[in-house]
Amino acid sequence: MEPDVSIETGCMIRIAVLPIGPIPQPHLRDYASMLVRHRRVDLSNISSFYTEHQKSPFANQPWDSGSLRFKFMLGGSPLSPWEDFQSHRKILGVIGICHCASSPDLELVEEEFASACKSYTSALVKRCFAFCPGDSQLEDGGRKGDNLILFPPADHQTQQFHLQTMMQDIAASLLMEFEKWVLRAESSGTILKTPLDSQTSLSSEEVIKAKKRRLGRAQKTIGDYCLLAGSPVDANAHYSTASELARLTGDFFWYAGALEGSVCALLIDQMGQKDPVLEDEVRYRYNSVILHYRKSFMQDNAQRVSTLSFELEATLKLARFLCRREHAKEVVELLMTAADGAKSLIDASDRLILFVEIARLFGTLGYHRKAAFFSRQVAQLYMQQDDCLAAISAMQVLAMTTKAYRVQSRATLIKSLASSDEISDGGKLNPQSVVSLFESQWSTLQMVVLREILLSSVRAGDPLAAWSAAARLLRSYYPLITPAGQSGLASALTNAADRLPSGTRSADPALPFIRLHSFPVHSSQVDIVKRNPGREEWWLGSAPSGPFIYTPLSKGDPADSNKQELIWIVGEPVQVVVELVNPCGFDLTVDSIYLSVHSGNFDPFPMRVSLPPNSAKVIKLSGMPTALGPVTIPGCTVHCFGVITEHLFKEVDNLLLGAAQGLVLSDPFRCCGSPTLRNVTVPNISIVPPLPLLVSHVVGGDGAVILYEGEIRDVLISLTNAGSVPVEQAHISLSGKNQDSVISVAYETLKSALPLKPGAEFTIPVTIKAWQLGTADLDSAGGKNNASMGRLSKDGSSPMLLIHYAGPLVQSGATDVNSSTVPPGRRLVVPLHVCVLQGLSFVKARLLSMEIPAHVSETLPCLDNKYSDLISGGKPDSLVKIDPYRGSWGLRLLELELSNPTDVVFDIRVSVQLENKMKEDKSTFVVDASDFGYPETRIDRDYSARVLIPLEHFKLPILDGSFFVKDSKSDANQGSSRSSSFSEKNSKAELNASIKNLISRIKVKWQSGRSSSGELNIKDAILSALQTSAMDILLPDPLTFGFKFAKSSIPPANIVDLPKEANILAVPPGSKGSILAHEMTPFEVFVRNNTKEMIKMKLSITCRDVAGENCIDGSKATVLWAGVLSGISIEVPPLQEIMHAFSLYFLVPGEYTLVAAAVIDDANDILRARAKTDSPDEPIFCRGPPFHVKVIGTA
Amino acid sequence: MLRKRRRSDQIRSLRPRSVARKMIVCVSIVGHQNNPLFLHSFTEADDALKLHHVVHCSLDVIDERGSHVVPFAYEINNPKKTGSTLNETFLGLLYPTESYKVYGYLTNTKVKFILVTTDVDVRDADVRNVSALSLRLLLQYAFFFRRFHSAYVDAVSNPFHVPGKKINSRSFAERVSTIVKSFGLGGAV
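Chain order of the listed sequences is V and U.
If you're matching positions, the first sequence starts at 1 in the UniProt record's numbering and goes up one per residue.
If you're matching positions, the second sequence starts at 1 in the UniProt record's numbering and goes up one per residue.
Calculated directly from the structure, the hints in this document are not laboratory data.
Cβ atoms here follow ideal geometry from the backbone N, Cα and C, with glycine treated the same way.
Any given hint could be a false lead.
What follows is a set of in silico ranges between Cβ atoms, one per label pair, in the way DEER data are often shown [as the list claims (entries may be wrong)]:
no.	chain 1	residue 1	chain 2	residue 2	range
1	V	K403	U	S150	30 to 38 Å
2	U	D154	V	K343	53 to 61 Å
3	U	P159	V	D1020	38 to 46 Å
4	U	S150	V	K343	49 to 57 Å
5	V	M607	U	T178	53 to 61 Å
Which chain V residues face chain U? A few, computed with CB under 10 Å, are given here [claimed, not checked]:
no.	residue
6	K329
7	D340
8	A399
9	M400
10	Y594
Using the sequences and the hints, build the whole thing.
What follows is the structure, given as structure tokens:
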């Protein structure tokens, strides 16, 4: 069988084209292509070369419309045993091609040509074309014979023309030879044999039959020559004679041959016409041809020779003739019959040719799947030949089937896509890929095809094709391949890569699967802020995260808003996060992976990744923008398995989309446990000129500062300009939660450091006070230095420093000063990493009161001036002085219970801020407990302790009508001048304010170790403890009582002991407030009215001994007295005091207690309220504190 | 065109005798994007790949016929017998392979039902010369496809079925098997 047969094959003259001598490949191809153009030579053109020697046997030759057809057999072809049967199988001419430059000796060429021609006995015309002869050769060539034709060097067109002339000459010579042959055959007859005829000697009967047959066969052959000579009418006449004779002699094979020839003649005659009648005729005759070929099948010599190939060839010829859509069904049937017949073909190459033809015809018909199916059969036949060239053929044939099976290499796919001018749209799936997704479900077939391609390309020694096939197989069908098979493919990839030069690129990606994970929109460290040149605070109004979604003031063009914009800066490395996944069962090592950017203004940094089996990895791929302009990142370039491939993100997106719809076998990302991502939008990336870049770090390490609650510490933040542009403007603001905890920021340091040259560094101190855990807000009162900024919505409990900075307004290189193209500024967010640990915890607060009686002395114990001690003593040595002469006059203690859950030791110090103006010099004292040497309270870990805070000095001097005595300054000393600030309306609020004021003066500071110190935030606790008894603490009693010795009556000697600090000048140090028994001692009782009303009362004084017995009255009185001690009616004017004198005579030495009490007459509401009584009838009883009198002496 | 061949006898003799005169070898459903939805083979032999190829190749013909739908006009010949009951979407014989016949059925939604049988006797299902025998057979096929279609409709009506995904419902496979078996019985009549 022969390839490429058609009905018209019968009229083609075969000419062997042989290269003579060494010819460089491109030259040979060039010459051959020139020759091949002359496949058809019109009879009208050759008439000048034609000379009619005798009467032409081709009587009806169409000289004006006919033509000779040639079939050039490049490299020649072996003799066909059937060339007697069909003359067109004969090689009727030989053309040698010689390249003179490489074969200088023309004689040698001629010899070689002559010997080459020897094998073509049937050749009627022999010519050797010598191209590009040198001058000497041209001279030489003249002496040579006719067969060698020199083509003088000339331009292509001239050579073409020359060649055309030569071909016309050859055509004319052939025509004349045909005439000769036909004339000879007609006159003398000829012996024609086919391999079909039995080789043995014939019997006599058969001899007669054979003679008849010979006639018919001769007619058929003459017909063949007529056909070759381009005279279909003559041919037809001979064929009809031949068929008649053959039919009569039962020579079916030749009959079929004659019929076939007649159809060819018919077609040539009716050239160009395609009417249904002709088609029917052809179909009818060819069916008959096929039938008769089949009839001629002889069982006896079926093993040796078979007519089957002729039958199949005829079938193919008919199929090719009918091969159009409207005859599809018929053609399919013919082709399927032919395919059936293939099984009986003996020769494997025949079968190969048959399948090739079937595949081609199906392809022409548009049945691509069937064409692919038969192509695969062809490839299998090739593969059966154990031969590299056959394997290459198999590989190429299989490559053609990939389209039908949708397993194309991307290299071919890209070509086809480019031709269809497909515009890639980011989110949308193009229809092409949808179809391929669907068709990818024919995995059973696709895997087989890919495996065959792999096998054939390995055998063909094409490592790149093998690599590509293995890559496609592994990438697309890994879920269907066992782990062992996957490893096998991996090693196939590696083996193929070993034979490839390093740096080979393949269009088909293998593993891993790569998808775009995210574009890190500038880390907060390098945020870019549009600069508003018109404002001092240039970052405002263009901040990316403002509180408003739409600000009418900002005028952004709408084109920008629909797609995310990303700005990269020349010279600053950027990162893109991608996710890699290896769904296979082997360890995958990606030798290098980097972003593939085609725009040329981006310098990607490669990295190496290794992926364990069935694993996913999210990696950051970085790179450096190098020039201005837009950037698009279509995918990654991967160097894996020894070959460089480009992995496009879009493809994986399509794959995932398909997986989501259930169309694709498996989602590689999901099967490796990686979460599904929402569709990542690829932002528009543009590269801008360099900007300054501040880099911050916390001095002493970037780790979190660990602070206990309330701890105060300075943090140093060092800022460096890492960019190549100086920082000219900078501004610090606070953001985030717990902004209050930043006590101070050294703004001046920042201002003084500007402009910051590239590479320069400076340090800003920031003072932080650790916030309370669990409470969102701190009490904002307390005079902290807060820079209150509008809060930006940021998470995290640590406060952040926002540093807005910018370079010069005009780029140094830029010449045009245009306000619209101000280079943007940047924002650096420095999170103050503060880790707050739980510190001392507050358990409870209690208010305690103490009753310690005072001693009666020469003076009143600081009635008016509570700070008299301090004032007189100059340097106070204690905050609370409980000396026995003073007693617990107005003393209250706030007890705080604190526990220490931490593992460090805390030292607690209490300080009370005493801010008061003295009468004398108006100077201010601030008293700190530590100055008094007040002991620190140490709380060990896991222990709790109590801290006492004396609340002595807060009592107000006047019980006012509103009974809220309030001084804006809370000054206890200026009682008389204070009435101006009384306010009844807001008295309640003022009381609260006063309490707050009181509380704020109490500070509990702690220290732990060497460096940690802070303040305990117990304001709320104190407040709640005080709230209930605030009145008692702050408000004075309406009446104050005091006893003292009457100065005049006591000789100084009697005063044994007096308080050291007493402001009595005459009292010598060391004297004691004791009196002697058996002496009349004059006393004075003072009653002070703390209200602003006159108070009438009945004062009574009692004296008790240590047992508490009244020792004045009664039968057993041990104290004698003079003066009035009970029922003394007195009136005390407002804010005045009166004195009542009396004397006591103690009979028995010992401790006595003097108590003054008064029953107030006609008490007003204030007093009632103070006494917490509602009933108007109830007498109000005021009792003073007890005073001790120590009586010494002998009983 | 119709002819007996010695070779075809040889081929047939290669087939096991146990195979019924017309036996359904394989049924398949192919989606509107030519994606296989279901393929079930009823032979013991390990010829799944071959049947895949057969089904895949038959899509060529369906594509071609689907592009210019020529209704199967039995009405012209036998208006009484068939009327409108014969579904127009029955495509008839798609193509003969070496030993199989492939029949097709195309729904309005371009879902293809493909039937591969081993019957070789009714070689030509050409509309123009429908013999009584082949017409009866064709009617059987049409009936088979209708039952097959309704089974498919039921299967894809399952709310858990993802359109476009392969059908791997066991009950559907069982129902198809039943239909195939009953076809074999009906064909014996």
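Okay, the hints, checked on the actual structure:
1. V:K403 - U:S150: 30 to 38 Å: Holds - the Cβ-Cβ distance for K403 (chain V) and S150 (chain U), about 36 Å, lies within 30 to 38 Å.
2. U:D154 - V:K343: 53 to 61 Å: 42 Å, violated
3. U:P159 - V:D1020: 38 to 46 Å: This hint is violated: roughly 60 Å between Cβ atoms.
4. U:S150 - V:K343: 49 to 57 Å: The hint (49 to 57 Å, Cβ to Cβ) is violated, given that S150 (chain U) and K343 (chain V) are roughly 40 Å apart.
5. V:M607 - U:T178: 53 to 61 Å: 59 Å, holds
6. K329: K329 (chain V) check passes; min Cβ-Cβ to chain U is 8 Å, inside 10 Å.
7. D340: Where the cut-off is 10 Å and the nearest Cβ of chain U is about 5 Å from D340 (chain V), the hint holds.
8. A399: 18 Å, violated
9. M400: 16 Å, violated
10. Y594: With a closest approach of 36 Å, the Y594 (chain V) hint is violated.
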